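Going down the list, the protein sequences come from chains A and B.
Take the first sequence: its position 353, counting from 1, is numbered 353 in this note's numbering, and each next residue is one higher.
To get this note's numbering, take the position in the second sequence, counting from 1, and add 1000.
Simulated from the structure, these hints should not be mistaken for laboratory data.
These figures come from a predicted structure and were not determined experimentally.
For every residue, glycine included, the Cβ atom is placed at its ideal position computed from N, Cα and C.
Some clues are possibly wrong.
Unchecked claim - Examples of chain B residues toward chain A, derived with CB under 7 Å:
no., residue
1, L1087
2, E1102
3, A1172
4, G1357
Unchecked claim - The following label-pair restraints were derived from C-beta to C-beta distances:
no., chain 1, residue 1, chain 2, residue 2, range
5, A, A172, B, R1171, 47 to 57 Å
6, A, Q272, B, R1415, 35 to 45 Å
7, B, S1354, A, R203, 48 to 58 Å
8, B, N1083, A, R203, 49 to 59 Å
9, A, E39, B, R1381, 57 to 67 Å
To be verified - Listing some non-contacts, in silico: residues in chain A with all C-beta distances to chain B over 12 Å:
no., residue
10, G36
11, S42
12, A56
13, C67
14, G105
15, K112
16, L137
17, A158
18, S175
19, Q272
20, P307
21, R355
22, V401
23, L417
2 protein chains.
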Amino acid sequence: MTAGLSTAQAVNAYSYLSHLECGRCKKQYGAEALHGTCECGSPLLARYDLNGAKTALTPRALSSRPCRLWRYHELLPVRAETNVVSLGEAMTPLLELNRLAEESGVRALHLKDEGALPTGTFKARGAAVGVSRACELGARRIAMPTNGNAGSAWAAYAARAGRECLVLMPRAAQSICAIECTVAGAHLGVVNGTLSHAAAIIRKLAAESDWYDVTTLREPYRIEGKKTIGYEIFEQFGWRVPDVILCPCGGGVAIIGIHKALAECKAVGLLQEKKVPRLVAVQSTACAPIPRAWAKRSSEAEEWTNPGTTLAFGTLVPKPLGDFLILEALYDTDGCAVAVDEQEIIAAQRAIGSREGVFVCPEGAATFAACKRLRADGWIRPTDEVVLLSTGTGLKYPNSVSEAPPVIDVDNPGRILDLWTR
Amino acid sequence: MTAGLSTAQAVNAYSYLSHLECGRCKKQYGAEALHGTCECGSPLLARYDLNGAKTALTPRALSSRPCRLWRYHELLPVRAETNVVSLGEAMTPLLELNRLAEESGVRALHLKDEGALPTGTFKARGAAVGVSRACELGARRIAMPTNGNAGSAWAAYAARAGRECLVLMPRAAQSICAIECTVAGAHLGVVNGTLSHAAAIIRKLAAESDWYDVTTLREPYRIEGKKTIGYEIFEQFGWRVPDVILCPCGGGVAIIGIHKALAECKAVGLLQEKKVPRLVAVQSTACAPIPRAWAKRSSEAEEWTNPGTTLAFGTLVPKPLGDFLILEALYDTDGCAVAVDEQEIIAAQRAIGSREGVFVCPEGAATFAACKRLRADGWIRPTDEVVLLSTGTGLKYPNSVSEAPPVIDVDNPGRILDLWTR
């Protein structure tokens, strides 16, 4: 509306979505019906008329648009602005961590803080775009299994859209996510089993009825929301790329999305330099199929049997459906994969909190632990500009802290205060 | 930097702060030293060269500035941009609640959702500006009593500024806030008493040492951060005002701040209409000194003895230091004050969650309960445009929900699913 007056611009489409394409076998599908995965079982990816989008999606046009993910609407799948389901998802901050950069011996360290999004995590991006597009295509009700945060986000956006939502989570999921689903009015069940059990129940339900299965990468549009992390980082760098981006990796949608954003931004000319950021997938040693596959230069991951426990439970995915796309993103950008342990994660979370003031989720903290490891072994260089992706707020992880504060006696507050206030 | 090239603009000040003035006795103080309250014990308010600011702070100038509270820097107290301590506090969304507007019988209902701010509440605004200015004026370390959310915010910004922070909270404070203070590396103690006991300890400590006491309204700049809620609402309305703004009220800094924003926006010409929004202070029936004082048309509140408990614990302030400023804001705008009970709060929180997808804090939910009450008795009219201020995210209040989700047996999921999926 605000940008320009020429006839060409007046007829611009809100979305330049053209079709869907299998990420593995490349089979194409029309984009105007609800789809799940490809016949071959792999995720479908949204493809766009990039030449068309190129004339509309320019840095100049972007400069006058609201700071929220819909600013990139030409390369998002929703056809009509009136179909956008929004909870006010603002562009998240890219914070400079100057103290930690200096201590870590890198030129610049930035934190992309996704905790500011609705429901407190980056899952809101996928849910905003996924729910909007599902409703635009006529989905009446949606169902999903979740480890927690995705369920919260999709339940909230379904409520915003006025659609029914069904969420199943394992008992081990964090309690705050169950609370969020309840407040959002979702049908919520806790399964006496694993995430895979929950997924099987949802798959059967969807096959037999009109519930739309929105499990990770089993519908094509969640990744379109997630890729906006990449668009925002590149725009916040002034349409340049950093040297390294470290992402927590569970299902891998963020890293696949950033890789997709990179290709699209280059194709439409938003990014004009040849350089690519080295993408790093970060997992917990409790469940590290991607670092293991990367170490072997495999194109797929083997299932991680008997995953352990970790505070960074968002990374607990033994065999991601999009494993080949994650690994492709790493190989294509000269990236790598790293597994970090609980002590490193907790120490990193405290360092970011006490040195920079941000309470990041354990998954986000894991990226700083990985950064320190990669700097120590020289893979990250002193001249590198590094971005850490913190996928959510620490507020959803009260078990990050185990110590209790001391009790101060109001009649005799002296001893502890003396110690602190010397 | 980006706006204009004239000489006049080139010499614009970052802040037009001129002096401090007592909100009660009007005694003036210089603004370039650290101050607490006035000699008379009342809060000091920041005053600006409004004629100077008028030429610089225009809707046009604002249109090219980043969407964060510092966009109003001419009317904020920080002298130099390099002294800004920021965690990326973005302009918070103003969400239309169309379903609830229709159900409530008002023309338009908007939710100002402060949950998107760092640390998840509006306290981040006060802490961002308060910590920035305290550091600019040379404060070496800061101390405060808190019911929870303010402590989290100030601890985070103090860490971001690289300053020591000491926080004392009553045992009854929510545990997540203690966790946040710990992660931020603050000195944190829990007192075996009330907020007043904690405040007395801090006051003594500050009197005897170099700890700067940043208790609510005992330093002049927290309110300057909070007033940006008003600036944002007016700007998001296209520099118009809504008919009614409902604010949760504890210490009252939000309502005092919005009232101050209204006067300043009119003085510098950002708001050109004569209309003022009717401001409503919302408290819990557990502790309602402001509604009681308003009902008597008193200019001050009497202390509420024996406050009860409420989920909306942010409103539990028996005798706010700025009571006379809160009441002045109500009388001056033809506003009112309302107390709502726990059942109304919980019902309102569920309604906003399930009908609109936002998990608001109980304090925020209380404003919708009050809106329904005021609409029912005709004080809010069908033609009114109404804004609800939700001061934080529900994520910090896990005790909002007591029911547990049903357990689904993975071997026999039928019964409950059948019920839901009919």
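Cross-check of the supplied hints:
no.	hint	in the structure
1	L1087	6 Å, holds
2	E1102	12 Å, violated
3	A1172	13 Å, violated
4	G1357	3 Å, holds
5	A:A172 with B:R1171: 47 to 57 Å	30 Å, violated
6	A:Q272 with B:R1415: 35 to 45 Å	59 Å, violated
7	B:S1354 with A:R203: 48 to 58 Å	26 Å, violated
8	B:N1083 with A:R203: 49 to 59 Å	56 Å, holds
9	A:E39 with B:R1381: 57 to 67 Å	58 Å, holds
10	G36	18 Å, holds
11	S42	26 Å, holds
12	A56	21 Å, holds
13	C67	5 Å, violated
14	G105	19 Å, holds
15	K112	10 Å, violated
16	L137	20 Å, holds
17	A158	8 Å, violated
18	S175	7 Å, violated
19	Q272	22 Å, holds
20	P307	18 Å, holds
21	R355	7 Å, violated
22	V401	4 Å, violated
23	L417	7 Å, violated
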